[in-house]
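Protein chains: 2
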Amino acid sequence: MKNFETLAEQFGTYFNKRHFPTEPATLYDPNEYFLQMGGKRIRPVLCLMGNELFDEISEDAWYLGTAIELFHNFTLIHDDIMDEAPLRRGKETVHQKFGSNTAILAGDVMLVTAYEELNKISEHYLRSILSIFNKTAKEVCEGQQMDMDFEKLESVSYDEYIKMIELKTSVALAASLQTGAILGGAGQRNQELLYDFGRKLGIAFQIQDDYLDAFGVPEKFGKQVGGDIMANKKTFLLIHTLEAASAAQKKELHHLMTHNTTDKVAKMQQLFIDCNANEWVLKLKNKYLDEAIAHLEDIAVLSKRKAPLLELAHYLIKRDH
Amino acid sequence: MKNFETLAEQFGTYFNKRHFPTEPATLYDPNEYFLQMGGKRIRPVLCLMGNELFDEISEDAWYLGTAIELFHNFTLIHDDIMDEAPLRRGKETVHQKFGSNTAILAGDVMLVTAYEELNKISEHYLRSILSIFNKTAKEVCEGQQMDMDFEKLESVSYDEYIKMIELKTSVALAASLQTGAILGGAGQRNQELLYDFGRKLGIAFQIQDDYLDAFGVPEKFGKQVGGDIMANKKTFLLIHTLEAASAAQKKELHHLMTHNTTDKVAKMQQLFIDCNANEWVLKLKNKYLDEAIAHLEDIAVLSKRKAPLLELAHYLIKRDH
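Protein sequences appear in the order of chains A and B. For the working numbering, count along the first sequence from 1 and bump the result up by 690. For the working numbering, count along the second sequence from 1 and bump the result up by 690.
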């Protein structure tokens, strides 16, 4: 049983090769450039771990992991266009460096290349893997569309936000684990439990991300603290605050969200605290983490096989209180 | 043996249904809107014809035809963004009506849905069909990128232009026929001949399109005559004229291409004629049509089975002397 770090290193070595033809360079070099930027490769490693939970890692899991990582990068390239993001990991995004048209097409061909990798998987698993891959790919698109729709809304309900997070982030983590488990020969029930572990872990991770964006220590967080606040992003904190606020607090919220004053971040942080959103959010995170771990515990394999996934859950989500 | 029109009507009926979930409507309704615009459905019908050349049309051919048509519409939605086209078939394009971000995402999910259709194909054919589909999808992206690259170049060689046309247009027609033939149980040699028939027919069709854009009868052509000339598009006519022109003619060409005067179309037409490009282009079209038909004749099935494809070739490409 290998832990996340060992598998991440192994996958990094395996994945670090040219994935595209050389010509036309105007199409394929942007994709090679983007893949060279690196990344944590969380999804393919989850796939390998899902496989190893039930059996030795098979050759198919490397093809599948590659497909999953290419798919993830396809979504990043297209999302960066939609978000008009100039930078990712400190480097120019594809559309910024090569133009939006090339970025659209480069993303498209990245997605097709993911399907080329999937087509290397053994006959016995091909259809069921394709089925989950396609379903998940559609859900990720739905989540991105919901996220864009939310930007235009005055307010978003807690249920709608959870749904969006699940689709945009969690299902891809969950499906990586599940498809890996299929390659390990897992039965339906164990697959479902592992899927739910990944899904709830993903939600807990997003809740933590929302919290850290407002209350994180800048040096540790790696992003500018208060970015979501400045952008009026409907996060777990804002959604709870909007629901819990008094009439006077709602008025202040509205004023802050319509005027980008220099003290906006500090005042919003105070409002979050006054409405107890920070405490509520941490409790919510713990709830999802606990549920994720309960699903993992229910999986019918020896506990020691689950140790790397449990370790990963605690590494990704820091328990508060 | 059914002819193109009969199969086009049958496929039209089969395809005329909802292809996407209802929610989120902001993502899926744009795709339904776009599919409702209609189209000639040439590619799926080629797939059905490729199947029927060798055997009765199987259920798989309808799934495959649906996947091929969804793929084609995905390329149209994304191409329209890149070309900044406001209209298609007289109606607003997806990005024009719903915004570029939604158009990117709607196209993405259209492509994934094409793969969902492919995953309905029988086990026995799934991998080989996926393999050709993926290869062709990449080539179509390459062709679109080359087309965009050409816009920025002063001149393009005949060989480069043929290559671009093949990738952007012909391979999709060729692959539709070939994958249909696979479902009909065709052997490798017959598959290749049918592929080459489609590939050369596609090139002949593009040559004809280039010719009609400059010399077509407006009422028959359906598009504005001279559009390519006004946009300085590197067509077969322009490429030949640039190669054949005298120094004085080159100077005039350059002047016309850098000044959008009101007599630009008329003067360019005259230059094409003076350089004999119109005659050369018609000969080239006939050459590709003849080669296409020769490939069809070489296929080892009874001549009467080939009749609908031969008829289609002559319907699509009008022979000029």
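Source of the hints: derived by calculation from the structure; they are not laboratory data. Take these hints with a grain of salt, some might be off.
Stated by the list, open to error - Computed footprint of chain B on chain A, listed as stretches where at least three residues anywhere in the stretch have a Cβ under 8 Å from a Cβ of chain B:
(1) 766-776
(2) 826-833
(3) 931-945
Every residue gets a Cβ at the ideal spot worked out from N, C-alpha and C, and that includes glycine.
Hints the structure fails to honour: Violated hint: only 3; rest satisfied.
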